[in-house]
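Chains as they are written, first to last, in my numbering: chain S, 1 to 232; chain W, 1 to 232; chain U, 1 to 224; chain P, 1 to 224.
In short, the hints are calculated from the structure, not lab data.
Some clues are possibly wrong.
To be verified - Distance condition first, Cα-Cα at most 20 angstroms in a straight line; then the derived SDA-like pairs of lysine to any residue:
id: 1; chain 1: U; residue 1: K141; chain 2: S; residue 2: D143
id: 2; chain 1: U; residue 1: K74; chain 2: U; residue 2: G106
id: 3; chain 1: U; residue 1: K74; chain 2: S; residue 2: D143
id: 4; chain 1: U; residue 1: K74; chain 2: S; residue 2: E200
What the hints assert, rightly or not - Okay, the calculated bits of chain U under chain W, using three or more residues with CB under 8 angstroms as the criterion:
id: 5; segment: 41 to 49
id: 6; segment: 71 to 83
id: 7; segment: 114 to 125
Claimed, not checked - Quick list of simulated restraints, FRET-style, between CB atoms:
id: 8; chain 1: S; residue 1: A93; chain 2: U; residue 2: E59; range: 33 to 39 angstroms
id: 9; chain 1: U; residue 1: P58; chain 2: W; residue 2: H59; range: 51 to 57 angstroms
id: 10; chain 1: W; residue 1: T5; chain 2: U; residue 2: V155; range: 26 to 32 angstroms
id: 11; chain 1: U; residue 1: T161; chain 2: S; residue 2: G133; range: 19 to 25 angstroms
id: 12; chain 1: P; residue 1: G57; chain 2: W; residue 2: T5; range: 34 to 40 angstroms
id: 13; chain 1: S; residue 1: W228; chain 2: U; residue 2: D42; range: 32 to 38 angstroms
id: 14; chain 1: P; residue 1: Q17; chain 2: W; residue 2: R142; range: 30 to 36 angstroms
id: 15; chain 1: W; residue 1: G220; chain 2: U; residue 2: L215; range: 47 to 53 angstroms
id: 16; chain 1: W; residue 1: S8; chain 2: U; residue 2: P58; range: 35 to 41 angstroms
We put the beta carbon where it would ideally sit given N, CA and C, even for glycine.
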Amino acid sequence: MISKTSASAASALADIPDGATIMIGGFGLAGQPVQLIDALLEQGAANLTVVSNNAGNGHSGLAALLGAKRVQKIICSFPRQTDSHIFDALYRAGEIELELVPQGNLAERIRAAGAGIGAFFTPTGFGTSLAEGKETRTINGRDYVLEHPIAADFALISAYRADRLGNLTYRKTSRNFGPIMASAAATTVVQVDRIVELGELDPEAVITPGIFVNRVVETGDRFEREEWADVG
Amino acid sequence: MISKTSASAASALADIPDGATIMIGGFGLAGQPVQLIDALLEQGAANLTVVSNNAGNGHSGLAALLGAKRVQKIICSFPRQTDSHIFDALYRAGEIELELVPQGNLAERIRAAGAGIGAFFTPTGFGTSLAEGKETRTINGRDYVLEHPIAADFALISAYRADRLGNLTYRKTSRNFGPIMASAAATTVVQVDRIVELGELDPEAVITPGIFVNRVVETGDRFEREEWADVG
Amino acid sequence: MSGNSWSRAEIAGRLAQDIPDGAYMNLGIGLPTLVSNYLPSDREIILHTENGMLGMGPEAQPGEIDPDLINAGKIAVTELPGASYFHHGDSFGMMRGGHLDLCVLGAFQVSQTGDLANWSTGAPDAIPAVGGAMDLAIGAKQVYVMMELATKGGVSKLVDTCTYPITGIGCVDRLYTDRAIFELGARGATVTELVGDTTLNELRELTGLALEYSLAQEYKGITS
Amino acid sequence: MSGNSWSRAEIAGRLAQDIPDGAYMNLGIGLPTLVSNYLPSDREIILHTENGMLGMGPEAQPGEIDPDLINAGKIAVTELPGASYFHHGDSFGMMRGGHLDLCVLGAFQVSQTGDLANWSTGAPDAIPAVGGAMDLAIGAKQVYVMMELATKGGVSKLVDTCTYPITGIGCVDRLYTDRAIFELGARGATVTELVGDTTLNELRELTGLALEYSLAQEYKGITS
């Protein structure tokens, strides 16, 4: 019987090697796999390349991973935030490499890796400094830049419900990068509030089919966490 | 107040001109927008280019449209079926143009049109006669063919439920080409069993957001049709 | 309005009048968010947020804050009936594919042919960040920019050629400012509305552009 | 088994033994569908159908036929607990992206380096149709072909170079036939199992290939 359940975040991440490329889901705090990031910090893998929309907030989560000097390169769209102090300092000191990618190109490059597309022409960024040196082409009168897939060794994402096959549902805008990152990594690890019985998820409403998921860690009901006090 | 409801299939298709490119959803009979195809036949537009996975079964629906000589070109993956007599005869007589596209490239080209991708490199078909004359490229050791988007003037699709904003859900494998075709046409017309009140569709389970839908025609409960006698 | 200029709220209010009923719209973070306060109550306008939602409602009030329900500025928002959620791949496909009727953005500079500069000041010590700016710039049937026409130092932000790093080429259709409304295009900028007692000559002097006045073109975003 | 060859059912049964527990698998229409009758009961194998479903169950029986629930061969099927549905874009992305562990296909011809010909006989008067054949050929970590080794006229379908129009280059990993099982690859075909009293020399004579025998390589499809 297939069971993708891992006993703990630690055991789910035990085999991440130094130098791995790791996608981390989330847009700001929504959908950020906080427990998995904490476990990755604990686990100790270094020289990581991280693919994530942002570059960490405050001093916890991804920011803490950066602060511990585990990340040599980050591929993201929006590192600068009001509380991205740790990234800002590393970047100014030249201690972290940044590949800045427009958000939609980031999403499409991740999607392309998951869908077996070798490269694609996108209009986003054409004529800007972020497209410098990239191949361009005019197709039917519109100008495009050629962009290549971004794949990862591991994806760490957060979802709402899972079953033992790894089928996933999400909640509201915390869905964000989860489904495409799950498709683009050799090994996808998911934290979910609750693992439900097979058959409880509506097959019409499964957002990430289990084929994209390797390991699921149950991390408990989000509504019981402090920051959720407001949700009815 | 936005309402995308059309009073009838006839009124929803009234403005389709001769020479239009029309996507028609469905895989075999599942998801085929039968009432819309019948209305298109009635409407009379000619010299159409049709984009659809198959080229009609038996003597009704798409086959009838072909039989009435309304279609000058069809872009599809699998025209030959045990009961594709009408297409077969037209093709042998040289009275219909065929662009044969591997099914996954057909789907991805439709998706590309909807997602604003100018062209993409796909591994499917490389080295085969269906890729003859097309640009190729080796990327990271794998061989790819460059394929371009397929857009349409109209998409005719079938879904299960809609609300007045055109949000759609589907049912089982009848989902097939619906969501991508809805995204790739200037005007998308949908037949659904029932139009429900705003708020009745779960926002997490909407498959086609209303932004992709222009007109919705209510065609009645599929379970009451003869061919559905078997469904409990 | 004080004499010959609008407040930011007045720019937002004026722009809101030009949003047609039934429009699918994205409001960029910052200044454009103001527009949501002035949507005409007799029109149904559907808001898109690029982090994966259509049917976004107003900002969440205390008691309705849900950490899973935020907008692109990472502010807690609400959900309206008829909303839907989707992932980032689909959300940016929706934008890139030209399905949004309208996008409203802020800017550092806009050129008279519609080039937009709003993602980077080009300062060498700045932490770079682009987010969805370049996708929004090309990702709607119509792109409107709202900004003050001049910097605090009195330098025009509507220019012949952008000096800041650009976000997109020829992508801005209309420019709403505190002094005037402009239509932009391959043939340059045209003034379509003057604020208060602002004159064409004042605008010519400020911008250094050979501006003319013309009635606004009919809105061409929404199709049936 | 009769003497030195397997029936189609026996080929399917033998192939089914090589499908590991937990595999995500697509069975091509026609002959490969037989494999679903022989899946080992102690393994959980998840079937994909390219028209948009994972977790496909057995063919529907009278009383459970649902016109909305069909497989790629347009035959009514059933849904197992844990199933999911998706559109054609996502379904073929799943295949093209290499997420399926295994795909089983039929063939007109297979070359010793794994070229596949199964979509067209090249006959000038034939109605062409390709469907998902070319996507399936490149769309799994492992591609297995099952077929009779020779045509009814006694001509080998395992060949040095395909003469029929090809479906994909170098895409077949294993070939299950009524006479033997082969591994295919850049260095040619290797016999890994002989059926009944079939000899290597018989196979060499039939195929015209310099075949050797070797133990099968370990299955490399499933990763944790």
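Against the structure, the hints come out as follows:
With a C-alpha separation of about 16 angstroms, the suggested pair K141(U) and D143(S) falls inside the 20 angstroms cut-off, and the hint holds. With a C-alpha separation of about 17 angstroms, the suggested pair K74(U) and G106(U) falls inside the 20 angstroms cut-off, and the hint holds. Restraint check for K74(U) and D143(S): not satisfied, since their Cα atoms lie roughly 31 angstroms apart, outside the 20 angstroms limit. Of the supplied pair hints, the one linking K74(U) and E200(S) is violated, its CA atoms being roughly 32 angstroms apart against a limit of 20 angstroms.
Counting residues of the segment 41 to 49 of chain U whose CB falls under 8 angstroms from any CB of chain W gives 3; the rule of at least 3 is met. Residues of the segment 71 to 83 of chain U with a Cβ under 8 angstroms from some Cβ of chain W number 4, which satisfies the need for three, so the listed coverage holds. Coverage of the segment 114 to 125 of chain U by chain W is violated [criterion: at least 3 residues with CB-CB distance below 8 angstroms; count 0]. A hinted range of 33 to 39 angstroms for the beta carbons of A93(S) and E59(U) is consistent with their spacing of about 37 angstroms.
Taking 51 to 57 angstroms as the suggested C-beta distance range, the pair P58(U) and H59(W) conforms, at roughly 55 angstroms. For the hinted restraint 26 to 32 angstroms between T5(W) and V155(U), the CB-CB distance of approximately 52 angstroms leaves it violated. Against the hinted window of 19 to 25 angstroms, the Cβ-Cβ separation of T161(U) and G133(S) comes to about 22 angstroms, which satisfies the hint. At about 37 angstroms, the CB distance of G57(P) to T5(W) agrees with the hint of 34 to 40 angstroms.
The beta-carbon spacing between W228(S) and D42(U), approximately 37 angstroms, falls within the hinted interval of 32 to 38 angstroms. Restraint check, Q17(P) to R142(W): a C-beta distance of roughly 31 angstroms satisfies the suggested window 30 to 36 angstroms. A beta carbon spacing of about 48 angstroms between G220(W) and L215(U) agrees with the range 47 to 53 angstroms that was offered as a hint. Distance hint check: the CB atoms of S8(W) and P58(U) are about 37 angstroms apart, consistent with the given range 35 to 41 angstroms.
Hints 3, 4, 7 and 10, counting from the list given before, are not met by this structure.
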